[in-house]
Structures are given as C-alpha cells and as structure tokens.
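Listed in order, the protein sequences are those of chains G and L. If you count the first sequence from 1, position 46 lands on 46 in the working numbering, and the numbers rise without skipping. If you count the second sequence from 1, position 38 lands on 38 in the working numbering, and the numbers rise without skipping.
If you're looking for bench data, these hints aren't it; they were derived computationally from the structure. Backbone N, C-alpha and C fix where the C-beta goes; we use that ideal spot for every residue, glycine too. A portion of the hints provided could be inaccurate.
[Said to hold, decoys possible] DSS-like mimics (lysine-lysine), calculated; alpha carbons at most 27 Å apart, straight line: (1) K59(G) x K36(L); (2) K70(G) x K57(G); (3) K38(L) x K18(L); (4) K18(L) x K103(G); (5) K41(L) x K19(L); (6) K22(L) x K40(L); (7) K70(G) x K59(G); (8) K19(L) x K59(G); (9) K9(L) x K40(L); (10) K41(L) x K9(L); (11) K70(G) x K36(L); (12) K41(L) x K22(L); (13) K53(L) x K18(L); (14) K103(G) x K59(G); (15) K36(L) x K18(L); (16) K103(G) x K36(L); (17) K9(L) x K19(L); (18) K53(L) x K22(L); (19) K70(G) x K18(L); (20) K22(L) x K36(L); (21) K53(L) x K40(L); (22) K19(L) x K70(G); (23) K59(G) x K53(L).
[Said to hold, decoys possible] On the chain L side, residues computed to face chain G include the following (Cβ under 7 Å): (24) P43; (25) M46; (26) S86; (27) A87.
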Amino acid sequence: TQLLEQSPQFLSIQEGENLTVYCNSSSVFSSLQWYRQEPGEGPVLLVTVVTGGEVKKLKRLTFQFGDARKDSSLHITAAQPGDTGLYLCAGGGSGYSTLTFGKGTMLLVSP
Amino acid sequence: DTEVTQTPKHLVMGMTNKKSLKCEQHMGHRAMYWYKQKAKKPPELMFVYSYEKLSINESVPSRFSPECPNSSLLNLHLHALQPEDSALYLCASSPGQGAKGAFFGQGTRLTVV
C-alpha cells in the first residue's frame, strides 16, 4: 500500500508570512497532485508534477517534485487570508490509476 | 467546460429511503470516480469506472450502488443507509492517464437520519 505523509497537519499563520507544506512517501509515484479544498466544497486541482526535480509556480505558490519522485513540497509566499483551506497532496500511479491522498494540511491565514 | 457537476448539493434521507446522487462531466474524461469524505479527513475512494465499466470497488457495502449510463454520467444509488454514512460524497473524473490529475465536483452533503 502506498502511503503519503503530509506535514504539518495544521498551520496557523499571519497574513504576509511564508510557509512550506511537505508530502513524503517511501513509494515512487508517476505523478503528484496538489489540491486545495474549502469547507463543504470539492478539492480543486492546483498542479500536477510528473518529472523528478520538477518545479512549478502558480502565482505565489511554488510546487516541487523530489528527484526520486517520492516527495513533494508546496511553498506559499506572502500568504493571504484567501489561501485558507485544506491542502491535499495525492500521488498517482500509471494507467487508470487511483489517487493516494495524504491526510491533508489545514492552513489558516489570519488578517 | 472544465467542470464536474454534482446534484443535489445537499440531501437529507431516512434510513428506509432510496435516493440517487448524480454526476456529469463533458471533458471527454474516460475515468470517473466516487469518493466519500468525512469531516477533517481526506477523500476515501469508493468506486472507479473506466470506459464506462466498473474497474474498482473498494469493498463498499451493497447499500451503495454505482451506475455509469454513458461516458459523461455517473450515478450513485443509495438504499437503506445508516447514519454513519452521512458524509460529503465527491465525484471526480480524469483523462485516461492518472498522471494528469483528477477534477472534482462540489460534492453532495448527505445526511442520513
């Protein structure tokens, strides 16, 4: 069974601060996705990374896939209250694979 | 159109009721999924359909019955549910290859009374 460990589980910061969320596994994944979910809503896909060492930027969010494709990180610069939500990483295998979800990181950004 | 649409958004049902959740996507995705999510937990996979055929059933009780009438639609039929089945039910779809990620609907908040 492939497992994804996310850390931290909960993060409460002030507006303007930087933060990093980690997603680690002992298994190799073909791809890794990051989602953000707000209460009562479905997860929204933020990014997919597929190549070891890949870095993708989405405005103030920077995503990195580890060289060995076993881990990933999400860095947010100058966090804003609108960034508040549950951040989920999910690893994908090949083919019509299912996603293995981490337990999520609940981020609260206060004004 | 990059949306996955789920109806209804909220549903309250008794333990003897029969109801159905509906999901629709028009992105040409050939894989569709049902997930169950409890509060403060990640989504848990229930069923996977690929090319309109059930490919994965994660040992889900028979009171949940999925159906894929065509490549754009996915239903989840509910019968004789228990209060512990109350949760957010999420539908998702993805292109053939899992590497491209999945797109989720807004979910149906189900309460069983």
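Handout entry: 27 Å limit on alpha-carbon distance, applied to hinted pair K22(L) and K40(L)
Key = Satisfied, since the Cα-Cα distance of roughly 24 Å is no more than 27 Å.
Practice task
Please work out if K103(G) and K36(L) have their alpha carbons no farther apart than 27 Å.
Solution key: holds (14 Å)
Exercise for the section: Below or equal to 27 Å on CA atoms is what counts here, so check K18(L) against K103(G). Expected result: violated (32 Å)
Exercise for the section: Would you check the hint for K70(G) and K18(L), treating anything up to 27 Å between C-alpha atoms as holding? Expected result: violated (43 Å)
Practice task
Take a quick look at whether K59(G) and K36(L) sit within 27 Å of each other, Cα to Cα.
Solution key: violated (31 Å)
Practice task
Below or equal to 27 Å on CA atoms is what counts here, so check K53(L) against K40(L).
Solution key: Distance of about 31 Å is beyond 27 Å: violated.
Exercise for the section: Could you check if M46(L) really has its C-beta closer than 7 Å to a C-beta on chain G? Expected result: With a minimum Cβ separation of about 10 Å from chain G (threshold 7 Å), the hint on M46(L) is violated.
Handout entry: K41(L) paired with K9(L) [C-alpha distance capped at 27 Å]
Key = holds (19 Å)
Exercise for the section: Measure nothing beyond the straight line between the CA atoms of K53(L) and K22(L); if it is 27 Å or shorter, mark the hint as holding. Expected result: holds (17 Å)
Practice task
Please work out if K70(G) and K59(G) have their alpha carbons no farther apart than 27 Å.
Solution key: Holds, at roughly 25 Å.
Problem - Interface hint outcome for A87(L) [beta carbon to chain G under 7 Å] - result: violated (12 Å)
Practice task
For the pair we were handed, K53(L) and K18(L), check the Cα-Cα distance against 27 Å.
Solution key: holds (23 Å)
The structure fails to meet hints 1, 4, 8, 19, 21, 22, 23, 25, 26 and 27 from the earlier list, while all remaining hints are met.
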